[in-house]
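Asker: So the chains spell out like this:
Protein chains: 2
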Amino acid sequence: MRKLHGSRNIFDIEVAGAHVTKRNIDVVERCKVVFIATKPAVVQSVLQEISQHVTADHLIVSVAAGIKISSLEKDLLHQPRVIRMMPNTACSVQKGATVFSLGMWCKQGDALLLQKLLTPCGFVAEVPESCIDVHTGMSGSGVAYGLVFAEALADGAVKMGMTRDLANKIAAQTLIGAGMMLLESGQHVGLLKDNVVSPGGTTSHGLHQLEKGCFRATVINAVEAATMRSQFLSNQ
Amino acid sequence: MRKLHGSRNIFDIEVAGAHVTKRNIDVVERCKVVFIATKPAVVQSVLQEISQHVTADHLIVSVAAGIKISSLEKDLLHQPRVIRMMPNTACSVQKGATVFSLGMWCKQGDALLLQKLLTPCGFVAEVPESCIDVHTGMSGSGVAYGLVFAEALADGAVKMGMTRDLANKIAAQTLIGAGMMLLESGQHVGLLKDNVVSPGGTTSHGLHQLEKGCFRATVINAVEAATMRSQFLSNQ
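Same order as they appear, the protein sequences are chains A and B.
If you're matching positions, the first sequence starts at 19 in my numbering and goes up one per residue.
If you're matching positions, the second sequence starts at 19 in my numbering and goes up one per residue.
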């Protein structure tokens, strides 16, 4: 069931089989698991509107960036079961990465229930709340770094004579391949990298350029800056 | 069917249902599609050994890095049907990227046959032979760049407080997610990136660090250097 503010997209959502309402309280009255997926600025007013209707049977899951569990719990009454989660945009292709943290009133089984609901969207893990900002900086924003990386790989290939369309596809597949090798092999990333590097071969020449350009430090800088921005926004 | 030089791994391969021989000529006599997957330095002697047995019914597919189609054709007799291909190491997890070029004696249907055989390994595309070196520099070596990128993402997250094991998994998933969004959306990479960038948000802070560190130029440098090395090795 989903509450919508305007009428845009209502038809598509109804066709997909969901119930749609314009009243927040309807959602709480009919559902046991309620996702709060409004803009962060609106969360407090939504919670105050529904708080009288939230019982111990409800699990309230917030997707709002930067709003802490303690703040969510404060805006609800009756020891609410609250989960704060942070997905990334790759959930749209079922290859997302989502982390979540449980509030103090959560029951045994709440983590498992959320895991089960979210697994079709990709990777899911429970983390301490302090890791949510880190996840935002590495993976929420990191999808954009990955896209820029793929674009630059393709730019290099186009410079060397490959067509753009083919270069884009191969660059995208190269990211997927590297990620899958890391996830599936269970081997250390350095060992996997070494396996691609023949003596005097092409990869050693490419890696030397990456090191010359402080590639690793640049990526670490990006994760650090984005994490710090997320921490700053959370504390506002 | 597979020819093996030593006895290492023979048992595993036989258990998997393959026939094993120690004679190259056996392979050519029993198979119509023959993959030449020796070290490049050994290719010429292998081709000379089998050349009398290669007929118009055979399709000879070389995986050897740097050995040109004209050279493969020269070492065989009777207008041989030759394909030169270049996979990458992510074929091991069925997310590889492979390109291939047809020799001058190939028949209609040879490209389709190879596509069909290789598709379980990942992405496959026919290219002009000049693109094989570019593919090597971007995707053959590029898997290593992707692994270094994932490692640096995880390094950043570990610096900011996430455990290594979780950071590795999320970094890998972030690469996969970015690659899948690019492959599946059909949208321009710049538009996909823009969709992740909220005004004043975390991603804009991360991207600024990437631009400060000449991230794109560094990746382009790597592809260029590795492609040039591949071109150099091909011309030796």
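Because the hints were derived from the structure by calculation, they are not lab data.
Take these hints with a grain of salt, some might be off.
Since copy identity is lost for identical chains, a pair holds within one copy or between any two.
Simulated pairs of lysine to aspartate or glutamate, DMTMM-like, Cα-Cα distance not exceeding 20 Å [said to hold, decoys possible]:
| hint | residue 1 | residue 2 |
| --- | --- | --- |
| 1 | LYS187 | GLU144 |
| 2 | LYS57 | ASP212 |
| 3 | LYS86 | GLU144 |
| 4 | LYS230 | ASP173 |
| 5 | LYS230 | ASP93 |
| 6 | LYS40 | ASP30 |
| 7 | LYS40 | ASP212 |
| 8 | LYS177 | ASP75 |
| 9 | LYS187 | GLU147 |
| 10 | LYS177 | GLU147 |
| 11 | LYS92 | GLU32 |
| 12 | LYS40 | ASP183 |
| 13 | LYS50 | GLU91 |
| 14 | LYS177 | ASP30 |
| 15 | LYS177 | GLU47 |
| 16 | LYS125 | GLU144 |
| 17 | LYS187 | ASP44 |
| 18 | LYS187 | ASP128 |
Asker: Against each hint, give a clear statement of whether it holds in the structure.
Answerer: Now for the hints, and whether the structure bears them out:
Taking CA atoms no more than 20 Å apart as the test, LYS187 paired with GLU144 passes between copies only; the shortest distance there is 13 Å, against 33 Å inside one copy. When the C-alpha separation of LYS57 and ASP212 is checked against a cutoff of 20 Å, the pair qualifies only between copies, where the shortest distance is 18 Å, while the shortest distance within a copy is 45 Å. In the homo-oligomer, the alpha carbons of LYS86 and GLU144 lie at most 20 Å apart inside one protomer (15 Å), although the nearest pairing across protomers, at 52 Å, exceeds that limit. For the homomeric pair LYS230 and ASP173, the shortest alpha-carbon distances inside one copy (19 Å) and between copies (18 Å) are both at most 20 Å.
In this assembly of identical chains, LYS230 and ASP93 lie within 20 Å of each other by CA distance neither inside one copy nor across copies; the values are 51 Å within and 41 Å between. Within a single copy, LYS40 and ASP30 get their C-alpha atoms as close as 15 Å, which meets the 20 Å cut-off; across copies the closest is 62 Å, which misses it. In this assembly of identical chains, the alpha carbons of LYS40 and ASP212 never lie at most 20 Å apart, being 56 Å within a copy and 30 Å across copies at closest. For the homomeric pair LYS177 and ASP75, neither the shortest alpha-carbon distance inside one copy (59 Å) nor that between copies (39 Å) is at most 20 Å.
Within a single copy, LYS187 and GLU147 get their C-alpha atoms only as close as 37 Å, which misses the 20 Å cut-off; across copies the closest is 18 Å, which meets it. With identical chains, the CA atoms of LYS177 and GLU147 are at most 20 Å apart between copies only, with a shortest distance of 16 Å across copies and 44 Å within one. Proximity of LYS92 and GLU32 under a CA criterion of 20 Å is satisfied in neither setting, with 33 Å inside one chain copy and 65 Å between copies. In the homo-oligomer, the alpha carbons of LYS40 and ASP183 never lie at most 20 Å apart, since the shortest distance is 43 Å inside one protomer and 43 Å across protomers.
Taking identical chains as interchangeable, the C-alpha atoms of LYS50 and GLU91 lie at most 20 Å apart only when both belong to the same chain, with a minimum of 17 Å there against 69 Å between chains. For the identical chains of this complex, LYS177 and ASP30 are neighbours neither inside a copy (42 Å) nor across copies (43 Å), given an alpha-carbon limit of 20 Å. In the homo-oligomer, the alpha carbons of LYS177 and GLU47 never lie at most 20 Å apart, since the shortest distance is 59 Å inside one protomer and 44 Å across protomers. Proximity of LYS125 to GLU144 under the C-alpha cut-off of 20 Å is restricted to the intra-copy arrangement: shortest distance 14 Å within a copy versus 56 Å between copies.
Within a single copy, LYS187 and ASP44 get their C-alpha atoms no closer than 45 Å, and across copies no closer than 38 Å, so neither meets the 20 Å cut-off. For the homomeric pair LYS187 and ASP128, neither the shortest alpha-carbon distance inside one copy (40 Å) nor that between copies (23 Å) is at most 20 Å.
In summary, the structure is inconsistent with hints 5, 7, 8, 11, 12, 14, 15, 17 and 18 from the numbered list given earlier, while agreeing with the others.
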